[in-house]
Amino acid sequence: MNTPFRLRQVRTIAQLELKRVFFSRRSFWVYLLALLPAVIFIGHGIDVKVRQSRSASRTVSREILASIQLGDTPESVIERAGEPIDDHQWNWKEQNREVAHRRMMYFDGQDRVNLHFQDGLLASKRQSPLINAEEDRKVFAGVFQYFYLRLAIFFGCLGIFMNLFRGEMLDKTLHFWFLAPARRETLLAGKYLAGLAASIVVFTGGVALCFAAMLWPQSAADTQAYWQGPGPAHLFAYLAAAALACIGYGSVFLAAGMLLRNPIVPAVVLLLWEGINGFLPAILKKLSVLYYVQALCPVPPPLDASAPPLARLLLTPSEPPPAAVAAIGLLALTALVLWSASRAVRKLEINYGAES
Amino acid sequence: MAVYKRGYQRYQGPLTSRTARLLVLPWFAWRRLFEQRLLIVLLIVSLFWPLACAVFIYLANHSELWAGLDREVSGLLEINGRFFLTFMNVQAVLAVVLAAFAGPSLVAPDLANNALPLYFSRPLSRTGYALARMAVLAGLLSPVTWIPGLLLFAMQAGMAGWTWLASYWTLAIGLFAGFLFLILQLALVSLTCSAYVKWRAIAGALILAFFFVLAGVAETIDGVLRVTWGAFVNPLRMMYRLWCELLGVAPPENPGLAGSIVMLLVLALILVWVLSRKLRPVEVVS
Amino acid sequence: MRTPEIVFDEVSKFYGEVLGVNRVTLNIPPGITSLVGPNGSGKTTLMNLMAGLIHPDRGTITVRGLSPKDPERLMRVTGYATQYDAAPRGATGFDFVSTGLMLYGYSRVEAAERAWKALDQVSLTGAANRKVAAYSKGMRQRVRLAHAFAHDPEVLVLDEPLNGLDPLVRAETIALFRGWAAEGRHVILSSHVLDEVDVISDQVILIANGMIIAEGQIRNVRDEIHEHPSQFIIRSPGAARIASMLFELDHVTQVKLQDDRLGLLVMTRNRQEFSRALTRIALGGCGIESVIAADENVDALYEYLIGGSR
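First to last, the protein sequences are chains G, H and C. The working numbering applies: residue 300 is where the first sequence begins, and numbers increase by one. The working numbering applies: residue -16 is where the second sequence begins, and numbers increase by one. The working numbering applies: residue 11 is where the third sequence begins, and numbers increase by one.
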């Protein structure tokens, strides 16, 4: 038995496992997790496109909109600018007095102009683009860091990689692999690669689709500028971060699936560990997947100012290492976890009676 | 024609009541659950926060201990609806973890080992079975939710006197009802997840994912679409809204009360539907 | 050069505080060897140890000179049909056998050819493309068997392989076992169907409470148990007279005259002495029509050796 033969075995095992991981009904939930943000971004895109088409038919020149001043009446505004795209009126009781409010919206071909009248006089005038590319990128960064890294990839990898060994124990089929003429380490490598290939394809695919959905409603000029500027580097960084997260979480959950019967324990401990990473001493920070992966994220995520102080502290990324150090650090961490997993798999016994 | 001696006589003695029979399942489940050391540890950890709250109530009712503090700080020591809301929030998170730990062993092993036909071949209906399983979680979660909550309320009432009780007696009802709704929600989610995946081990992760991922989805919807109705897919957020109403605390702008109640009911109906589809005494070939 | 035996040397295995097997020392030659014992006696534990699915807490095991800790080499020469009913989710009978073969390094075509051949040998070609999960108990048994021998191993370890098989398939399967044994392979099987074990086994290993209580050919095992009285049935027209003569002998513990007064059931503690005494009686003029050993089968041995521990 030589190395090329073992590599062929790894490939065969990975191929057999891949079919199960990709096409089983259980994988449906992983696909859903990976694609859900893209669906929401597509929804946002459709909403923007609909608004754009509605507004485009009722464009008002910038000069007319610039002539509108605070203190103008709604009637004088309508006389100059015509009927607004949106027009809402309501009354609100303020300091024992009924105040009449009216909000009107115009479009100058690029920006929305919101006019707020109180008691029949223009009280405020705000101009904002129909779609803010910069803001969307920040939102995407938030979705990537908070949803993908902390939830989707975390739970997705939990499902995929736990299934590889613990799932087979529960199905009472692991002996099928153990009775093959392959070293346990070969089996581990084959299964890990299968899980990795599946999770990377699903999650980087989901992130890429989400990225595309985020760019879709933006103007051609904005998109072109982004692609000629930091766009490709951003996309590469997001995809690399997603792939590295799969590599890191995958190894941890693969090992946990062999060492522990109940995945709740590693899931809760890891969720907590990753959550409090920012508070940990420097040496312990390095034992976290998020610590490395967040370092690769190109755009800092927005933090909700209204969030409680504790939540803000937990969500604030700890001081990141340089990108190259982060990638190497995560790979080293993964190698360490996989090495301990290979020790565990050698000792693993078939004892289905203990499972249920 | 052969005439056989009719020797068979069915049991004529007394039978236990229907409720007592239903409780056979929880008793057995509790015994097994409490054999797990980790569960005991979790239960003990879950009582730290009520203990801290009890200390807080003690301090709040001994003005001589904080006489030197300025008005703003001493204002924080007031025991009111917001205090109990904070207590409920923390205990709710611990209840979710407990449910994720204990919930999966309710139905998944019965389905995985094809034991349902054995249950349903006895005088036990599917509804009875589901209720008995939910009673297991209710029994487990009560000591970390409404029981310590009412004890804290009683402690505060005892220390603060009738004036406080007359003003805040509705808090006890709100606290009990609020936790009851939470237990019902957790029990339904746990039972459904447990029945859906059949695997004890994976069901726990699914219960955790259910609450955490839906919270993430809610935030994503709000962030991407620039709306505030995303909270309607976050069951714990809607429960929080309901608690605000029950405890008379100023609620957040979103989600609205009526919408939260409707969405919680819709969620419960979906869970019951999935559960009724999964709880069948049949073996599925896969 | 590899030794042709399967050797257990002082092997012990515990599941927590529960005893699996205790200080097992065995030397199993090629041929059909049956592991016999009541439920929970340790038969499956022994088989799992042999295949490396579990590891001994103490002692060493070699299978034809190979260690179960080295599955890469061991499983090339070993095929194990376990008691576990499940096959990988969604797998058909053909998938189950052929994917197993691909892990041996066979090409897809070669694996398919071998899989069809193995399935044919267990009469399962007709159902090969159906899901294993939908198979009957007997069909699952046969597909597991096909999976175990499809790669043509030297050692076959079969956990209760005759369970659930109908009489026809059972006979064909036993013929397969005999064929393999005749080729010099190891066929290790466990069974509760003692009559079959009696008929097909070259040797038996009796196990109870995790300990080996007897091993060898059934007749030899029987011979070694001197303290247990042997039973013989003697048919003779002068049965009553023979009975009175046998009563005089020290090693004869019981004589029963049958109702027809033509037969005797004799229990003796010494087979050799009894044999010599019978010769003397026959030479003395008492006509003896037949002498049959009444308990020289596995049932009797099983009952005597491990009956109390069931």
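Among the hints, a few may not be true.
Here are a few chain C residues that sit away from chain G, every Cβ distance over 12 Å (derived from the structure) [unchecked claim]:
#, residue
1, G26
2, T72
3, T88
4, A101
5, A122
6, H161
7, R229
8, N230
9, A249
10, A253
11, Q268
12, L275
13, T289
BS3-like mimics (lysine-lysine), calculated; alpha carbons at most 25 Å apart, straight line [what the hints assert, rightly or not]:
#, chain 1, residue 1, chain 2, residue 2
14, G, K348, G, K437
15, C, K79, G, K646
16, G, K471, C, K266
17, G, K318, C, K79
18, G, K646, G, K471
19, C, K127, C, K141
20, C, K147, G, K471
21, G, K318, G, K471
22, C, K79, G, K471
23, H, K261, G, K471
24, C, K127, H, K261
25, C, K127, C, K147
Simulated from the structure, these hints should not be mistaken for laboratory data. All residues carry an ideal CB built from backbone N, CA and C; glycine is no exception.
Here's how the hints hold up against the structure:
Chain G draws G26 (chain C) into its interface by the beta-carbon criterion, the shortest separation being 9 Å against a cut-off of 12 Å. Every C-beta of chain G lies more than 12 Å from that of T72 (chain C), the closest at about 17 Å, which supports listing it as non-interface. Non-interface status of T88 (chain C) relative to chain G is broken: a Cβ of that chain comes within 12 Å, the nearest being about 8 Å off. Not every CB of chain G is more than 12 Å from the CB of A101 (chain C) (nearest about 9 Å), against its label as outside the interface.
With a least beta-carbon separation of about 14 Å from chain G, A122 (chain C) lies farther than 12 Å from that chain, consistent with its non-interface assignment. With a minimum CB-CB distance of about 8 Å to chain G, H161 (chain C) fails to clear the 12 Å threshold, and the non-interface call is violated. Distance check on R229 (chain C): its Cβ is at least 35 Å (rounded) from any Cβ of chain G, clearing the 12 Å threshold; non-interface status holds. Its beta-carbon lying about 33 Å from the closest one in chain G, N230 (chain C) satisfies the requirement of being farther than 12 Å from that chain.
Against the 12 Å criterion, A249 (chain C) stays outside the reach of chain G, whose nearest CB is about 54 Å from its own CB. Remark: the non-interface label on A253 (chain C) is consistent with the geometry, its nearest Cβ contact in chain G lying 54 Å away (cut-off 12 Å). No Cβ of chain G approaches the Cβ of Q268 (chain C) within 12 Å, the least distance being about 49 Å, so the stated non-interface status holds. With a cut of 12 Å on Cβ distances, L275 (chain C) stays outside the contact zone with chain G, its closest approach being about 44 Å.
With a least CB separation of 55 Å from chain G, T289 (chain C) remains clear of the 12 Å interface cut-off, as annotated. Taking the CA atoms of K348 (chain G) and K437 (chain G), the gap is about 20 Å. The hint holds against a cut of 25 Å. Between K79 (chain C) and K646 (chain G) the alpha-carbon distance is near 9 Å, which keeps this suggested pair within the 25 Å criterion. The hinted pair formed by K471 (chain G) and K266 (chain C) fails the criterion: a straight-line CA distance of about 54 Å is larger than 25 Å.
Distance check on the hinted pair: K318 (chain G) and K79 (chain C) sit about 29 Å apart at the alpha-carbon level, beyond 25 Å; violated. Annotation: proposed proximity of K646 (chain G) to K471 (chain G) holds, straight-line Cα distance about 18 Å (limit 25 Å). Distance check on the hinted pair: K127 (chain C) and K141 (chain C) sit about 19 Å apart at the alpha-carbon level, within 25 Å; holds. Proximity of K147 (chain C) to K471 (chain G) is assessed by CA-CA distance (about 16 Å); at most 25 Å being required, the pair is judged to hold.
For the given pair, K318 (chain G) sits about 19 Å from K471 (chain G) by alpha-carbon distance, which is consistent with the 25 Å threshold. Simply put, K79 (chain C) and K471 (chain G) have alpha-carbon atoms about 21 Å apart, close enough for the 25 Å limit, and the pair holds. Distance hint between K261 (chain H) and K471 (chain G) is fulfilled; the C-alpha atoms sit about 21 Å from each other, no more than 25 Å. A threshold of 25 Å between alpha carbons decides the hint, and for K127 (chain C) with K261 (chain H) the separation of about 40 Å lies outside it, so the pair is violated.
Taking the CA atoms of K127 (chain C) and K147 (chain C), the gap is near 21 Å; set against the 25 Å cutoff, the hint holds.
Hints 1, 3, 4, 6, 16, 17 and 24 from the list above are not met by this structure, while the remaining hints are.
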